[in-house]
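Listed below are the residues making up each chain.
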Amino acid sequence: MKFGIVVFPGSDCGYDCHHVLSQVLEAETVFIWHGDKNLKNCDCVVLPGGFSYGDYLRAGALARFSPVMEAVKEFAENGGLVIGICNGFQVLTEAGILPGAFLPNRGGRFICRHVYLRVENNQTPFTLLFAPGEVIKIPIAHQQGNFFIDSPHQEEVKKHIVFRYCGPQGEIDSRYNPNGSWENVAGIVSREGNILGIMPHPERAAEEILGSEDGRRVFLSVIKWWEDKKWK
Amino acid sequence: MEVANGLNVARELGLKEEEYERILAILGRVPTPTEIAMFSVEWSEHCGYLHSRRWLELLPREGEFSPLRGEDAGGIVYDDLAVVFKMESHNHPSQVEPRQGAATGIGGVIRDILGSGARPIACLDSLHFGPREDERSLYVFRGVVEGVAFYGNCVGVPTVAGELYFYPAFRGNCLINVMCLGIAPREKLTQAKAQGEGNYIVYVGNKTGRDGIGGCSILASQEFGAEERRPSVQIGDPLAEKCLIEATLEALDTGHIVGIKDMGAAGLTCSTSEMAASGGSGVEIDLDLVPLREEGMEPWEIMMSESQERMLLCVRRGYEEEIIQIFRKWGLEGEVIGEVKDTGRVTIKWRGEVVADIPALELTRPPVYTPPRERPLYLDEVNNFSLEDVSPPLNYEEVLLRMVSSENLSSRRPIFEQYDHMAGINTVLLPGSGTVVLRVKGKKWGIAVTSDCNPLYCYLSPREGAKMAVAEAARNLSACGARPAGVTDCLNFGSPEKPDRYWQFVEAVEGLSEACRFFGIPVVSGNVSFYNENPEGAIFPTPTIGMVGIIEEVEKVVSAGFGEDDLILVLLGETKEELGGSEYLRIIHNREEGPPPRVDLEGEKNLQELLITLAEEEIVSSAIDLSEGGLALALVESSVTEENPRGVIVDLECLGDMREDVLLFGESGGRALVSVKGELLNSLQRLAQEQNVPCQVIGKTGGEKLVIKKGGKSLISLSVEELKNRWEGGLGE
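Chains as they are written, first to last, in the numbering used here: chain A, 926 to 1157; chain B, 70 to 802.
No lab work stands behind these hints, which were simulated from the structure alone.
There may be inaccurate statements among the hints.
[Stated by the list, open to error] The calculated SDA-like cross-link candidates involving lysine to any residue, where the alpha carbons are at most 20 Å apart (straight line), are:
{"id": "1", "chain 1": "B", "residue 1": "Lys-398", "chain 2": "A", "residue 2": "Gly-979"}
{"id": "2", "chain 1": "B", "residue 1": "Lys-512", "chain 2": "A", "residue 2": "His-944"}
{"id": "3", "chain 1": "B", "residue 1": "Lys-398", "chain 2": "A", "residue 2": "Phe-990"}
{"id": "4", "chain 1": "B", "residue 1": "Lys-512", "chain 2": "A", "residue 2": "His-943"}
{"id": "5", "chain 1": "B", "residue 1": "Lys-513", "chain 2": "B", "residue 2": "Glu-624"}
{"id": "6", "chain 1": "B", "residue 1": "Lys-513", "chain 2": "A", "residue 2": "Glu-1138"}
{"id": "7", "chain 1": "B", "residue 1": "Lys-625", "chain 2": "A", "residue 2": "His-943"}
{"id": "8", "chain 1": "B", "residue 1": "Lys-746", "chain 2": "B", "residue 2": "Glu-711"}
{"id": "9", "chain 1": "B", "residue 1": "Lys-512", "chain 2": "A", "residue 2": "Val-949"}
{"id": "10", "chain 1": "B", "residue 1": "Lys-625", "chain 2": "A", "residue 2": "Ser-1137"}
{"id": "11", "chain 1": "B", "residue 1": "Lys-513", "chain 2": "A", "residue 2": "Leu-950"}
{"id": "12", "chain 1": "B", "residue 1": "Lys-510", "chain 2": "A", "residue 2": "Gly-1136"}
{"id": "13", "chain 1": "B", "residue 1": "Lys-512", "chain 2": "A", "residue 2": "Gln-948"}
{"id": "14", "chain 1": "B", "residue 1": "Lys-510", "chain 2": "A", "residue 2": "Ser-1137"}
{"id": "15", "chain 1": "A", "residue 1": "Lys-962", "chain 2": "B", "residue 2": "Arg-397"}
{"id": "16", "chain 1": "B", "residue 1": "Lys-513", "chain 2": "A", "residue 2": "Phe-990"}
{"id": "17", "chain 1": "B", "residue 1": "Lys-625", "chain 2": "A", "residue 2": "Glu-1138"}
[Unchecked claim] To give an idea of the chain A side of the interface with chain B (calculated C-beta under 7 Å), a few residues:
{"id": "18", "residue": "Pro-934"}
{"id": "19", "residue": "Asp-941"}
{"id": "20", "residue": "Gly-979"}
{"id": "21", "residue": "Ile-1036"}
{"id": "22", "residue": "Arg-1038"}
{"id": "23", "residue": "Lys-1062"}
{"id": "24", "residue": "Pro-1064"}
{"id": "25", "residue": "Ile-1134"}
All residues carry an ideal CB built from backbone N, CA and C; glycine is no exception.
Required output: the full structure, derived from the provided sequences and hints.
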């Protein structure tokens, strides 16, 4: 299968995703320029972390107007696999591809640290290699990670929560919530389950030498899901 | 222009009368306003190193690893890669406008690394402020941290390490020393030169505006007076910088770039004249082609502007369009603004007329000054401390709790968590213990990096303080298993025109030189920042060291935290009866007095070798060097730095018959605290003996308390959970 990593001018983490996908997992991986509408026949599109267009205004606010996002939207609507990591998640909500919006972190500051996540749903293409309720360790690095959803949509989105911030034993408690996000949300999928938005950085936890390999399984799940689908 | 009028303009811009006369002699005529402006920035202290150059020649350039020296940044060669690094100050701009000052400081040093052809992979910040109880100091401190986070996070280069200290001496003049490190295949390194007649000079990056005019000459090369300096501070645009990094590396890959230089201090003046001079050629520039942000800019303003995120390239004729397109693709400016000539002159045209025409070499050959210097009188007063002056504390627990939660010793986590320190996915040893280790993708080896300087030691003895800064940085690197390989220095002092400040500077450079020479570590790059004073006086002299080391097998990196119970604790090195200059003396007894700890270079070198061997042979489970706060703070840090804190039981009896406060809080150099599994203790002791390093078993890990006693006398018994909370909450940020 083929991964495509979207490159906005300020996509700092694009190379990191590329390294993990192409070097660590040895998957076919290409870059997709933000000015292009051609997704190069990719099977999974990754919107990496970073500061898309500087985010001087609001994270992801400008990226949704870029030509590539038209193509991503169409691809997603047709059931294509999309992963938005950190800024990529913010871009997906700004573009209306995923529900919700992001507020500044509760403390107002940027936070970079390892956090614990509980896997709430392992029936998605992105989590099928995790056990239900498994506690994993993946770093965050963001200033606007406070996921917000208005009350009419809460019931619906609740069903699609995939990762929640938790304590070392899986405790869901506001003191383990680094940014104040609604329901401790760290990651959600779309209604059809083909689009993942995740605030923590799985690519930063994909090699033993970096202290955690838990993030690697997000990408491995996608590859396995794709292979299985091919067999069917 | 008349001579007298020219002299007035020159004085306005910070030039001296004799310098103006030299300009008259060089040109053989009265200079134009643009020419005066160009000389004023090129010959400023900040760009021209007028008072320091003579002394910087003392620093060793060779060492164990082969050094690289470039125009803006230097480095070392290891394997098939060049590791390039440089530290630079942005003190004055940050004192005036903390957020933008710090932000553009990062931008500037990143472009220095980029200008060598390397990809920037990490930044460090060494920061010094007045105490936070002071309103202005708190404002400057918070603004600077915000600026580092704003720029550093967006630009995508991780901020991995640094230092943070608060002393009253930095009240009116903070220190913002920023270091960047980059890597490149050794054959890809480029130079800052313009060569080959007819090749094009191409301007790339952001547009030129009026920001930062005179930043280097008026702001950075004079003391603070009472008036407002805000207009001289530059404004940062990290997205443009990120694009500039990518576009520049892409352009360099084409092989059509002859030379490259960043436009930082002194902007176009510096880049044109230095590229021409080092290429042995001349350049002709047409200012009408420079992309401008504002209308009506005068030629001298364009030449002096320090607008950020700009680079100047020399491009092989015929390839200019290809190069320009790369920059435009990244949303940046790209314009041919001139070409290389064989005149040896920097010729600047504006609206069809020549507004400056100066021999490039002369412009880059500023005068050298070595004014008188004199040992300051205060040294005798502050170096009289003797142990009898203070009585030992009655309650050691209270003292320890105050120390671990103090401004200078508490955890820096609340600060470094505001910086993205993992971008690039190379950070193997995360921040927290001073040194950070980066892997190099595809290589077995890794890079360790740290920064160091204790300004109080340097105030008490500039020479010993500078030696200690080098020794401590090297000790820090070797504790995690890295071999020190190269140094960049950032020398922060008061006005060189005052004999006592200048004496401090020369003493510190000599100390620095002696220590680096002894350890075989070359000084590959650096920066001098003078005039760090305000009407209340000068800062503590602060020669900040950035040190880079190589760890042969990055997987064997040793961290500071105690990872399990029943490890044996061993103190390496000799504890001397020293308390002068210590944080204990400052915090608990309110005395900033010396003499500071004396540096034993031989002992330090032995300890470094031992620590590296212990890491390579995988004998130790943890290692931490002893520095501020002494043995007690090292014990606390190793106990609480892991996610789950771990207790220890320590007995000081074997360390000899010294006062308990000296044993616990003294800051003798050449020491480290390691933990080792029982079965490996013998090997450790044998190796220590071979290296001639004193070695004492002082306790073991385990339990939930930090227990310290001396023989039968219990000194401290505190819960590690409480210590962790106090340590991590100390900054209260």
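Tested hints:
no.: 1; hint: B/Lys-398 x A/Gly-979; verdict: holds, 16 Å
no.: 2; hint: B/Lys-512 x A/His-944; verdict: holds, 14 Å
no.: 3; hint: B/Lys-398 x A/Phe-990; verdict: holds, 17 Å
no.: 4; hint: B/Lys-512 x A/His-943; verdict: holds, 18 Å
no.: 5; hint: B/Lys-513 x B/Glu-624; verdict: holds, 8 Å
no.: 6; hint: B/Lys-513 x A/Glu-1138; verdict: holds, 19 Å
no.: 7; hint: B/Lys-625 x A/His-943; verdict: violated, 26 Å
no.: 8; hint: B/Lys-746 x B/Glu-711; verdict: holds, 18 Å
no.: 9; hint: B/Lys-512 x A/Val-949; verdict: holds, 14 Å
no.: 10; hint: B/Lys-625 x A/Ser-1137; verdict: holds, 17 Å
no.: 11; hint: B/Lys-513 x A/Leu-950; verdict: holds, 19 Å
no.: 12; hint: B/Lys-510 x A/Gly-1136; verdict: holds, 15 Å
no.: 13; hint: B/Lys-512 x A/Gln-948; verdict: holds, 13 Å
no.: 14; hint: B/Lys-510 x A/Ser-1137; verdict: holds, 17 Å
no.: 15; hint: A/Lys-962 x B/Arg-397; verdict: holds, 19 Å
no.: 16; hint: B/Lys-513 x A/Phe-990; verdict: violated, 43 Å
no.: 17; hint: B/Lys-625 x A/Glu-1138; verdict: holds, 18 Å
no.: 18; hint: Pro-934; verdict: holds, 5 Å
no.: 19; hint: Asp-941; verdict: holds, 5 Å
no.: 20; hint: Gly-979; verdict: holds, 3 Å
no.: 21; hint: Ile-1036; verdict: holds, 6 Å
no.: 22; hint: Arg-1038; verdict: holds, 5 Å
no.: 23; hint: Lys-1062; verdict: violated, 10 Å
no.: 24; hint: Pro-1064; verdict: holds, 6 Å
no.: 25; hint: Ile-1134; verdict: holds, 6 Å
Hints 7, 16 and 23 from the list above are not met by this structure, while the remaining hints are.
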